[in-house]
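Now for the letters of each chain:
There are 2 protein chains.
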Amino acid sequence: MAKILVPLATGFEEIEAVTIIDVLRRAGNSIIACSLQDTLEVAGAHFITIQANKTLKNVLNEEFDMIVLPGGGLGTQNLSSNQMVQELLKKFKKEDKLIGAICAAPYALHTAGVLNQNYTCYPSFEKKIHETGYHSNEDVVIDQNVITSRGPATAMSFALKLVEILNGKPNAEQLKQDMLVKH
Amino acid sequence: MAKILVPLATGFEEIEAVTIIDVLRRAGNSIIACSLQDTLEVAGAHFITIQANKTLKNVLNEEFDMIVLPGGGLGTQNLSSNQMVQELLKKFKKEDKLIGAICAAPYALHTAGVLNQNYTCYPSFEKKIHETGYHSNEDVVIDQNVITSRGPATAMSFALKLVEILNGKPNAEQLKQDMLVKH
Numbered sequence: 014m015a016k017i018l019v020p021l022a023t024g025f026e027e028i029e030a031v032t033i034i035d036v037l038r039r040a041g042n043s044i045i046a047c048s049l050q051d052t053l054e055v056a057g058a059h060f061i062t063i064q065a066n067k068t069l070k071n072v073l074n075e076e077f078d079m080i081v082l083p084g085g086g087l088g089t090q091n092l093s094s095n096q097m098v099q100e101l102l103k104k105f106k107k108e109d110k111l112i113g114a115i116c117a118a119p120y121a122l123h124t125a126g127v128l129n130q131n132y133t134c135y136p137s138f139e140k141k142i143h144e145t146g147y148h149s150n151e152d153v154v155i156d157q158n159v160i161t162s163r164g165p166a167t168a169m170s171f172a173l174k175l176v177e178i179l180n181g182k183p184n185a186e187q188l189k190q191d192m193l194v195k196h
Numbered sequence: 014m015a016k017i018l019v020p021l022a023t024g025f026e027e028i029e030a031v032t033i034i035d036v037l038r039r040a041g042n043s044i045i046a047c048s049l050q051d052t053l054e055v056a057g058a059h060f061i062t063i064q065a066n067k068t069l070k071n072v073l074n075e076e077f078d079m080i081v082l083p084g085g086g087l088g089t090q091n092l093s094s095n096q097m098v099q100e101l102l103k104k105f106k107k108e109d110k111l112i113g114a115i116c117a118a119p120y121a122l123h124t125a126g127v128l129n130q131n132y133t134c135y136p137s138f139e140k141k142i143h144e145t146g147y148h149s150n151e152d153v154v155i156d157q158n159v160i161t162s163r164g165p166a167t168a169m170s171f172a173l174k175l176v177e178i179l180n181g182k183p184n185a186e187q188l189k190q191d192m193l194v195k196h
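Sequence order for the protein chains is A and B. Read the first sequence against the working numbering and you will find it ends at 196, with the numbers running on by one and no gaps. Read the second sequence against the working numbering and you will find it ends at 196, with the numbers running on by one and no gaps.
Calculated directly from the structure, the hints in this document are not laboratory data. Any given hint could be a false lead.
[As the list claims (entries may be wrong)] Each pair of labels, with its calculated beta carbon distance range: (1) B:Asn71 x A:Gly146: 31 to 41 Å; (2) B:Gln190 x A:Leu87: 19 to 29 Å; (3) B:Thr145 x A:Ser149: 38 to 48 Å; (4) B:Lys195 x A:Ile155: 30 to 40 Å; (5) A:Glu100 x B:Asp191: 40 to 50 Å; (6) B:Pro183 x A:His148: 24 to 34 Å; (7) A:Ser94 x B:Thr145: 50 to 60 Å; (8) A:Ile155 x B:Lys107: 52 to 62 Å; (9) A:Glu76 x B:Asp156: 26 to 36 Å; (10) A:Lys107 x B:Gly146: 54 to 64 Å; (11) B:Asn71 x A:Asp51: 28 to 38 Å.
[As the list claims (entries may be wrong)] Not the full set, but computed from the structure, chain A residues with beta-carbon under 8 Å of chain B: (12) Glu27; (13) Ile28; (14) Val31; (15) Ile34; (16) Ile61; (17) Thr62; (18) Ile155; (19) Gly164; (20) Ala166; (21) Ser170; (22) Met192; (23) Val194.
Virtual Cβ for every residue (Gly too), placed ideally from N, Cα, C.
Generate the whole structure from the sequences, applying the supplied hints.
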């Protein structure tokens, strides 16, 4: 069982955030969704408000196995301009821990300088990152400890790949069956 | 633009609820997520708490174009035992309005007596409903005004089919592109 930090910034993409949290919890992991503000309620890009488990400020000294960033345009802007998130990303990278990001959020890895050469992201964001090493035909790209994905429709594949990495392939296969995933 | 009621019962399946709300809002519809209790916070099956827009009690006299039920085992139990939800379903059926349900939730349509002959649902729930007319090979089944689907991994197809019905095929196709849906 892994302990995973999911920062929820105002404007996060809801399908992505919820799929990541839901699927990783189904596999038995401990997911701590954290608000960047002092309040726990965080509004997503489509006005769905989710209650975070803790504030980010309150977990800065906790140990985690992985950090995963949901996307969303505004959400990513907030993740890339937030000092706590950017410092945490650098700390995870330095400690060689797992880092994940989907949709626009690989841009927030780029601003922290923790994105590896090979990655994917929501189309057009590669222009703000770097076009060399951008994989437009892969739903999920793994380059060492950094795992990236593309958007709402790839959130399920992304979450299942994280389960495979953290909890093993049989667990991922079981979840695929439980959730009626075909591919 | 359609006005759609999404009841959120304690134990709702989060991927299903959020995908329905997110995608239908992307298409420009007005989605009112309603708590069955007197408080707005509703905890899902995987402990993700979502803030509903209103309490169900407060919208009983509002007019909607459609009602859509997310699934989840406990969520469905709560939907099928809740008098307000069951009466609303009967009212929607009587007024020939659209009714949707995914995963275990078609069972809550069955208990209200509003499910049509042809339907689909999460595997095994057909044994509690009726095996004749159960379609195990379809992600989404439409029988007149009642649209049903199967589980977390079919939530995207389900939501997009609802957009197609409510907002037209071009809107659904545009959303598929925006969310990077392949099929």
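Now for the hints, and whether the structure bears them out:
For Asn71 of chain B and Gly146 of chain A, the Cβ-Cβ distance of about 52 Å falls outside the hinted range of 31 to 41 Å, so the restraint is violated. Against the hinted window of 19 to 29 Å, the Cβ-Cβ separation of Gln190 of chain B and Leu87 of chain A comes to about 20 Å, which satisfies the hint. Thr145 of chain B and Ser149 of chain A have their C-beta atoms about 46 Å apart, which keeps the hinted 38 to 48 Å range intact. A hinted range of 30 to 40 Å for the beta carbons of Lys195 of chain B and Ile155 of chain A is inconsistent with their spacing of about 20 Å.
For Glu100 of chain A paired with Asp191 of chain B, a C-beta distance near 32 Å fails the hint of 40 to 50 Å. At about 30 Å, the beta-carbon gap between Pro183 of chain B and His148 of chain A stays in the expected band of 24 to 34 Å. A hinted range of 50 to 60 Å holds for the C-beta pair Ser94 of chain A and Thr145 of chain B, which are about 57 Å apart. Between Ile155 of chain A and Lys107 of chain B the CB atoms are about 53 Å apart, so this pair conforms to the stated range of 52 to 62 Å.
Distance hint check: the CB atoms of Glu76 of chain A and Asp156 of chain B are about 52 Å apart, inconsistent with the given range 26 to 36 Å. One distance hint, 54 to 64 Å for the beta-carbon pair Lys107 of chain A and Gly146 of chain B, holds here, with the actual separation near 58 Å. For the pair Asn71 of chain B and Asp51 of chain A, the supplied restraint of 28 to 38 Å holds, since their beta-carbon distance comes to about 29 Å. Hint status for Glu27 of chain A relative to chain B: holds, with the closest Cβ pair at about 5 Å, below 8 Å.
Taken as an interface hint, Ile28 of chain A checks out: its beta carbon lies about 5 Å from the nearest beta carbon of chain B, inside 8 Å. Satisfaction of the interface hint for Val31 of chain A is found here, the shortest Cβ-Cβ separation to chain B being roughly 4 Å, below the 8 Å cut-off. For Ile34 of chain A, the interface hint holds, the least distance from its beta-carbon to any beta-carbon of chain B being 6 Å, beneath 8 Å. The restraint placing Ile61 of chain A at the interface with chain B holds, with a minimum CB-CB distance near 6 Å, inside the 8 Å limit.
Nearest Cβ of chain B to the Cβ of Thr62 of chain A: about 4 Å, under the 8 Å cut. The hint holds. This hint is violated: Ile155 of chain A has a C-beta 19 Å from the nearest C-beta of chain B, more than the 8 Å allowed. The interface hint given for Gly164 of chain A holds, since its Cβ lies 4 Å from the closest Cβ of chain B, which is under the 8 Å cut-off. Satisfaction of the interface hint for Ala166 of chain A is found here, the shortest Cβ-Cβ separation to chain B being roughly 4 Å, below the 8 Å cut-off.
Proximity of Ser170 of chain A to chain B is violated relative to the hint, the smallest CB-CB distance being about 10 Å (cut-off 8 Å). With a least beta-carbon distance of about 4 Å to chain B, the hint placing Met192 of chain A at the interface is held under the 8 Å criterion. Given hint, Val194 of chain A at the interface with chain B, holds; its Cβ is 4 Å from that chain's nearest Cβ, closer than 8 Å.
In terms of the numbered hints stated before, the structure departs from hints 1, 4, 5, 9, 18, 21, listed from lowest to highest.
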